[in-house]
Every structure is written in C-alpha cells, then in structure tokens.
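Q: Using numbering that gives the first Met the number 0, you'd call the opening residue of the sequence shown number 0 and step up by one each time.
Derived DSS-like pairs (lysine-lysine); straight-line CA-CA distance at most 30 Å:
id, residue 1, residue 2
1, Lys215, Lys118
2, Lys82, Lys178
3, Lys370, Lys357
4, Lys241, Lys125
5, Lys135, Lys118
6, Lys452, Lys291
7, Lys219, Lys82
8, Lys74, Lys500
9, Lys245, Lys467
10, Lys135, Lys241
11, Lys370, Lys356
12, Lys82, Lys135
13, Lys118, Lys245
14, Lys467, Lys241
15, Lys219, Lys500
16, Lys506, Lys67
Source of the hints: derived by calculation from the structure; they are not laboratory data.
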Amino acid sequence: MLKGSENTTQTGSTKAWLKTALVASALLLTGVKIFHQSGTSTEVTGDRKYIPYCRDDYEPLAPNVESKYFDKLEKILSDEEFKLDTANKLSGAVQIPTEIGDFYPVPRDDLEFYSEFFKLHDYLEKSFPLIHKHLKREKVNDVGLLYTWEGSDSSLKPVIFMAHQDVVLVNPVTVDEWKYPPYSGYYDGENVWGRGASDCKTTLIGELIAIEELLKDGFKPHRTVLLLFGFDEESGGEKGAKPLGKFVEERYGQDSIFSIFDEGMGILEVEPGLYAATPMTQEKGFANFEIKIAAPGGHSSAPPKHTNVGILSELVYRLESFSFDYVVSDTHPILSFYQCLADFSTTIDPGFRHIIKKAATSSKYRMEFVKALEVFNPAAALTFKTTQAIDMFHAGVKVNALPETGTVDINYRIGMHTTQQEMLDWITGVANDVAQNHGYNLTVSGDEVIYSKPGNTGTLDVNAYMRKDPSPRAPSYQDDDKVWDLIAGTVKDYFQNRVLKEEESAKVLVTINTMTANTDTSHLWNLTPHIYRFQGAIFPIEMLSYVHSVNERSPVANVQQIAGFIYQYVLNADETDFGF
0 MLKGSENTTQ TGSTKAWLKT ALVASALLLT GVKIFHQSGT STEVTGDRKY IPYCRDDYEP
60 LAPNVESKYF DKLEKILSDE EFKLDTANKL SGAVQIPTEI GDFYPVPRDD LEFYSEFFKL
120 HDYLEKSFPL IHKHLKREKV NDVGLLYTWE GSDSSLKPVI FMAHQDVVLV NPVTVDEWKY
180 PPYSGYYDGE NVWGRGASDC KTTLIGELIA IEELLKDGFK PHRTVLLLFG FDEESGGEKG
240 AKPLGKFVEE RYGQDSIFSI FDEGMGILEV EPGLYAATPM TQEKGFANFE IKIAAPGGHS
300 SAPPKHTNVG ILSELVYRLE SFSFDYVVSD THPILSFYQC LADFSTTIDP GFRHIIKKAA
360 TSSKYRMEFV KALEVFNPAA ALTFKTTQAI DMFHAGVKVN ALPETGTVDI NYRIGMHTTQ
420 QEMLDWITGV ANDVAQNHGY NLTVSGDEVI YSKPGNTGTL DVNAYMRKDP SPRAPSYQDD
480 DKVWDLIAGT VKDYFQNRVL KEEESAKVLV TINTMTANTD TSHLWNLTPH IYRFQGAIFP
540 IEMLSYVHSV NERSPVANVQ QIAGFIYQYV LNADETDFGF
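The whole structure should be built from the sequences, with the hints applied where relevant.
A: Below is the structure:
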C-alpha cells in the first residue's frame with residue numbers, strides 16, 4: 000500500500016546515544032551526511048519472538064576435487080602473471096565503448112547502432128578461445144549473449160551467471176575531469192580505469208575467466224552452466240535480458256534453474272578483521288514516468304496567468320511535497336544486515352546496538368532503528384521506502400515565445416510494500432488535481448481519458464514507459480534452504496580459507512542485503528527463487544563513489560576474486576546431491 004504525507008515541518012534533534020555511525024554505513028553510499036529528513040512517518044509490520052539474522056558458523060564448503068583445482072584457485076588469486084593477464088583482459092573490454100542511453104533501437108532495425116557490441120563479441124572470442132571452442136554461443140535478439148556449457152546429467156538444474164555488456168554514457172562535459180581517458184582502459188598496476196571497469200565488465204570478465212580456467216583444467220560438469228549477458232541493463236533490460244530470460248524459459252521451463260548470480264554487493268570489511276558477505280536477496284521495484292503538457296502558445300507579451308512551464312512546475316512541486324512512508328518489516332534484509340553486525344561488531348555505539356537488537360522483536364524499536372538510520376546512513380534508510388527523483392525537465396524554445404509543450408521525467412525506486420500500479424494511480428491523482436485547477440484535460444498514455452471538460456484547450460498526459468514491481472525475496476538464512484547453505488558454505492571457505500588466509504583472525508559473516516537499484520534479474524523471476532545479486536570480491540568502500548561517475552575504476556584483484564569464487568562455486572554446485 001502506498002502511504003505518505005505532505006512535507007510541512009522539520010523534525011527535531013536526535014538522541015545523545017546516536018554519536019557514532021556504524022562502520023558499514025558506506026554499504027549503500029559513501030560519505031555519511033548527518034541530517035534528518037522532514038515530514039516523514041514510519042509504519043512497522045510484524046512482531047515475532049525471534050529472528051535469526053546471520054551466522055558465522057557455516058561449515059566452510061570446499062569441493063572434493065583433485066589438488067590441481069586448489070592449485071588453480073591459488074594461481075587465480077596470487078599469481079602475478081595471472082594478475083597481469085586479467086588486467087589486460089579487463090582493459091581490452093573497457094576500451095570498447097558499449098554505451099546505452101535511455102532510448103535506443105531494436106537491434107534488427109539498426110544493427111549499426113550496436114557496432115561496438117559486435118566488436119566486444121569479437122574481442123571475447125579472441126580472449127577466451129576455449130569457451131568459444133567448447134561452449135555453445137547463441138545471440139538472442141542479435142546482441143544478447145547466451146553461452147551454454149552442457150552438463151552430463153540433464154536431471155540437474157543449470158546454474159546461471161549474469162553480467163551486462165553495456166555501460167552508461169560518459170558525459171562529454173566531464174571528460175577533462177578524468178585522470179585517464181574514459182575509454183583508455185589504463186592499468187596503473189592495481190586498477191583498470193574507464194567507463195564500465197566496475198559496472199559491469201569486472202563481473203563479465205571474471206565469470207569468463209572462471210569458465211576458461213575450468214576448461215583448461217579439464218573439468219567436465221554434470222550440471223549445465225549458463226552465462227547470460229544482456230546489453231541494455233542500464234536502461235531496464237527490455238531488449239537484452241528480457242528476451243534472454245524468455246529464451247531460457249522456453250528451453251528449460253519455469254522453475255528450471257538451480258541458482259542465478261548477477262551484479263550486486265560483495266564482501267565488506269566492516270572493521271579490522273571482520274568481513275560481511277552480503278548477497279542481495281531482493282531489489283526494489285522501479286518506474287519511469289513522463290508527464291507531458293500541451294496547450295496553444297503565443298507571444299510572451301500576452302501571457303496567461305500560468306504558462307505550461309508554470310503549470311508543469313506546480314505539478315513537480317506537488318509531487319516533491321509528498322514524503323513516502325518508511326515501512327519496516329521484521330524480515331527486511333537491511334534490518335537483518337544491521338542485526339548481524341550488532342551481534343559481532345565491536346565498533347557500534349552501545350545505544351545503537353541496543354536499538355538494533357530490540358528491533359528484532361519490537362515494532363517500537365524498528366521505528367527507532369529507521370530514525371537512527373535517517374541520521375547516520377540515510378541511503379540505507381531509503382531502502383525502507385519508495386523514493387522519487389525528478390530527473391529531466393524540458394519546455395520552451397525561445398524566451399519571447401510561450402511554451403506550447405513541456406515534459407518532465409521522474410524515476411521511482413519502489414519500496415517492497417508498494418506496486419508500480421499504485422505509483423501510477425497516485426501520480427495520476429496528483430496530475431488530475433493540477434489539471435482541473437487549471438482547466439486542462441488529463442489522459443494516461445495518450446488515450447485513456449481521466450478528466451475532460453468542454454472548452455479546455457490544454458492537456459496533461461501521464462505515461463509510464465518503464466516499470467517493474469519489487470522482486471520476490473530469495474531464500475536465505477531465514478529459511479531452511481539447501482541452495483542458500485551451499486552458497487554460504489562456499490563463501491565461508493573461499494574467503495576465510497583462501498582470499499583471507501593470511502589474516503588468521505579474520506571472521507567472515509554471511510548475511511543478506513537489498514538492492515536499491517535494479518538488475519537484469521528482474522526478467523528472470525520465473526526461472527528460480529534462488530536469485531542472488533552478489534559479486535564474489537572484497538569491495539573497497541570508495542568504489543561506490545565512482546560507479547557511473549568520473550574516474551570509474553576497478554581493482555584487478557576484484558576480477559581475480561570474482562573469477563575464483565565462480566570457479567569454486569561451479570565445482571561445489573556440481574557435487575550436490577540435492578536431487579535437483
């Protein structure tokens with residue numbers, strides 16, 4: 000249900016015990032800003048006696064394989080020559096500018112538009128010869144890539160590893176602000192620099208390296224392995240991941256996949272020696288709306304009381320005056336994440352720890368918890384509510400000509416408790432008030448008439464051009480689930496016993512999290528409930544500040560770690576005796 004209120008007043012000061020931020024506050028946004036949002040309210044749902052929030056006692060799960068596979072894992076993680084080769088592979092991919100904007104053609108209508116993607120396909124073929132020799136590569140909708148490594152046992156559900164080929168556009172105005180040119184793929188000995196280095200060619204190259212190395216080692220899977228690479232994730236995946244998901248579903252059927260991994264958060268060092276693995280088990284919904292206004296123009300010397308710009312601005316003001324409620328359920332992944340840290344971290348302020356632990360069973364304390372997050376980690380607090388961003392506004396062509404048309408584009412990230420239809424109904428309601436106040440007609444998608452009155456000469460139109468409900472919740476520690484236990488055991492062994500083996504006192508927790516953005520997995524919900532947005536690497540916290548921004552870069556070590564994690568997970572998943 001969509002709930003909220005008009006912003007009218009500023010809230011008061013915070014309590015004295017909220018004097019230090021949680022070390023992991025950079026989980027969703029780097030740079031903690033101390034402020035309190037205005038006019039908000041909180042709804043809490045569900046009280047129960049106990050919530051198991053995370054475990055540090057998962058049994059490390061190593062594959063029962065020959066020593067050569069463990070030697071290869073060591074090489075992937077530690078060999079300098081391997082590191083240089085990995086850097087070169089990522090650098091080469093970054094040098095190919097596979098940009099996608101908000102509006103782009105269907106491939107069959109303009110293949111030339113996708114010429115850089117075809118260059119990337121050729122590059123991957125040259126860089127990973129064994130994959131292209133032994134796996135079946137299919138192009139779905141001309142540009143999407145599906146690789147199939149056929150297993151010997153067709154009764155076992157395949158595993159899917161995802162990434163996307165596309166990158167967001169580089170703003171030409173910012174090119175001079177880059178330390179190295181945005182498509183140079185410059186390698187400084189530790190990082191590869193350039194657009195797409197972290198989002199998401201790190202994951203794409205890491206997954207391919209893992210499979211290439213398994214092929215080198217002579218591994219022959221029982222369980223089929225699928226690699227699925229869309230090409231328009233940054234714009235919703237409608238032409239890339241959606242046809243790919245449909246293609247896989249037609250071939251294998253609904254609920255036919257063992258597990259899916261895609262981009263997401265990885266491992267965070269929340270304090271010295273304490274690490275948290277955070278597979279994202281849910282993602283918020285999204286909706287993009289374009290509101291158009293149209294009315295006769297004229298000379299600016301004879302204006303109406305309100306021009307189209309003024310009326311559209313009033314609508315924007317009305318929308319931004321509304322504050323969506325926080326809704327805090329006792330199973331929300333962010334609450335679970337903080338409850339996990341409260342039990343194991345030594346750096347959390349005692350007052351905050353008390354609130355977090357009480358929030359497990361108390362609606363009152365869940366309200367206190369989200370109020371605390373508003374102050375010390377506002378980005379994390381936003382996962383409990385729907386957010387709104389007015390991103391584009393266009394109107395008018397000349398200063399002495401009344402604007403005949405105008406548009407405003409709005410992006411919503413929809414909270415777990417809301418649907419995209421509720422968002423459409425709400426926006427239409429606000430637009431209806433504005434339209435009637437100014438004697439304008441109102442339509443939805445250009446043809447559904449909401450309000451019309453004889454004599455009206457202007458029209459407002461609400462159009463939702465991309466929208467998706469919040470995702471289902473993937474099974475985790477909250478469930479008795481074999482696949483989750485396999486993932487947690489693999490994470491525990493791989494990071495604690497391999498990646499962090501030099502840190503004898505290192506502790507790796509396995510908990511969950513929420514994706515505030517959206518991924519291509521939104522088009523694969525029919526295939527399995529086991530969808531995890533997780534990259535098997537220890538992320539530098541500062542990485543979050545330059546994704547989609549100037550000086551995007553990725554540590555080569557991240558690519559190596561992702562490759563090693565996929566390598567070990569394939570081996571572990573291949574040995575399961577779950578019967579599926």
